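**Q** Build out the structure end to end from the sequences listed, making use of the hints.
Protein chains in written order, with the working numbering: chain A, 9 to 391; chain B, 6 to 245.
To be clear, the hints were calculated from the coordinates, so they are not data collected in a lab.
No experiment lies behind these values; they were computed from the predicted model shown.
Incorrect hints may have been included.
Going by beta-carbon spacing under 7 Å, a handful of chain B positions derived as facing chain A [stated by the list, open to error]:
(1) 41
(2) 43
(3) 45
(4) 70
(5) 72
Ideal placement from N, C-alpha and C gives every residue a C-beta, glycine not left out.
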Amino acid sequence: MGQLVERTAGVGAGLATEDMILNIGPQHPSTHGVLRLRLVLDGERIVSAEPIVGYMHRGAEKLFEVRDYRQIIMLANRHDWLSAFCNELGVVLAAERMLGMELPVRASWARTMLAELNRVLNHLMFLGSYPLELGAITPIFYAFREREDLQKVMEEISGGRMHFMFNRVGGLKDDLPAGWLDRARRTIHAVRGRLADIENLIHGNEIFRARTEGVGVLTTEQIAAYGLSGPIARAGGVDFDLRRDEPYLAYGELGDVLRVVTRKAGDCFSRFDCLLEQTRVSLDLAEACADRLAALPQGPINLRLPKVLKVPEGETYAWTENPLGINGYYLVSRGEKTPWRLKLRSASFNNIQVLGELLPGHLVADMVAILGSMFFVVGDIDK
Amino acid sequence: MTTESEQQSEQQPQTGPASSDPQREPRASRDFPGMGLVKGLATTFKTMTKHAHTVQYPDQPPELPPRTRGVIALLEENCTVCMLCARECPDWCIYIDSHKETAPAPPGGGRERTRNVLDRFAIDFSLCMYCGICIEVCPFDALEWSPEFEYAEFDIKELLHEKDRLREWFWTVPAPVALDPGAPDPKEMAQAQKVADKRLTAQKAAEIVALADGGAAASGQPERSGPGRSGPAGGAEGDG
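**A** Here it is, written out as structure tokens:
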């Protein structure tokens with residue numbers, strides 16, 4: 009950077025000190041990808057921090073402009089790769105809204121179930137990797153074992169373990185396999201039972217608590233100013249969840265099962281706690297959807313599309329409550345088979361901008377705890 | 006705000022009794038200091054006594070569901086070189102070459118017929134995003150998914166699979182999965198049902214006609230109530 013940087017030089021007790029500029033990343037075990045943090049340190053204390061993003065920019069929005077609505081789903085899978093199904097949902101919801109399509113009932117419930125299972129997958133990832141960053145090596149194995157069981161369920165229906173490519177404009181690609189609902193229910197039940205293991209391992213652990221309680225406190229003003237969303241915002245007391253406040257898919261009918269998890273403290277521990285509780289709520293939601301799907305009468309899982317799908321002229325903003333936060337697609341169409349502009353509002357991009365304000369004053373060891381508790385995916389930041 | 010967190014981070018104990026920190030809320034699990042650590046150790050001990058969940062790959066092959074997107078297979082006989090797969094691929098990783106061949110007019114009369122002949126069909130798996138659009142769009146079921154995944158190479162050029170290699174994958178393609186009972190019946194079922202219904206109604210109509218004839222001739226008929234038992238037959242029974 010060519011700018012002038014103010015650095016403090018101190019001379020005291022015969023020892024000359026100077027601020028140090030330390031780059032965390034872009035490749036670093038605790039940055040969850042290629043996020044670069046430029047820290048100015050006074051000893052161990054952070055004086056200023058600057059997140060530098062863009063190391064994984066793949067030009068997704070430009071690539072969107074030359075692909076039709078089925079090919080876009082392949083791209084949309086990949087920005088927040090841990091919540092691929094929810095990303096796909098935003099795209100198809102935007103297109104369906106412009107086309108004025110009404111989804112078949114089974115499609116709506118199946119999408120809700122798969123979205124909630126995806127949420128559990130996403131949260132389990134962070135429930136495992138956050139303790140790993142703080143030095144607890146075991147929980148990640150437990151979390152990944154649950155993920156494997158759930159990924160097996162997802163692979164059986166969609167064919168993919170991470171990039172599902174299962175949503176289409178008008179519904180889902182294929183119908184549910186025979187017996188899938190029973191297997192899914194059994195897996196949900198098993199995962200719910202073993203979630204207590206992860207909780208016992210790390211939730212009450214004194215060392216974990218010591219490193220996360222009171223560290224990295226976010227105020228509601230900061231959350232509102234930076235546009236934070238998702239579990240990290242709710243852990244800071246901001247009671248906003250799109251599934252309840254602006255229901256889409258079948259969430260409107262799941263009001264009695266959906267519990268919006270909020271915490272007041274806004275520190276690292278409450279963010280982790282929020283995630284753990286949200287996982288339980290999502291498992292309950294998925295089970296409720298499975299019960300409902302089994303009870304629905306026979307019906308199609310998608311709408312028949314024309315050979316060449318053209319979305320009528322106009323614009324719309326479709327936002328969904330992704331596992332990491334609010335993910336929105338602003339679709340501007342000029343009546344062609346490819347969008348004129350598809351802007352992607354990704355959750356992690358806003359979520360990590362607050363680090364510049366949050367980190368100064370903390371120790372470097374706390375920085376690791378705070379960074380891990382922000383729950384971001386670099387692909388989501390950089391698109 | 007920074008001073009608050011500074012104070013708190015300085016006050017936090019590294020290990021040891023949790024109850025000494027006045028800012029921490031009392032929790033039920035904090036019966037005695039170190040309870041959280043003990044609980045964690047108990048959990049790992051319990052896991053140690055159970056069978057390991059690990060699958061020892063490659064000695065044990067993984068159990069993959071039929072819809073797994075492992076590799077794309079091609080059956081050349083079904084391909085009419087419509088080029089839909091190459092056009093729809095979002096990565097443009099399918100390379101197709103073809104030419105037209107003209108078959109002479111058949112001896113009985115008629116005109117010459119031209120057909121497409123596939124020269125080259127290659128999929129570059131180093132570019133392929135495994136999205137499945139080519140398989141979805143093929144109108145002739147020439148392309149199918151196979152769960153095979155062990156085709157990693159040392160040289161990236163080897164990841165370009167030509168026609169012959171794609172054909173070999175076809176023998177590993179599993180049968181399509183049976184669908185949930187909530188799924189609509191396939192169109193073939195509806196067609197077969199229509200034919201069966203027609204036959205059944207025709208059969209019933211024939212039965213009724215036979216009964217009507219038989220009822221008019223015989224007397225003292227045993228009680229038989231059948232569907233659509235017509236008036237004259239009942240009248241005959243009453244009179245007879």
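**Q** Are there hints from earlier that the structure breaks, and if so, what are their numbers?
**A** 2
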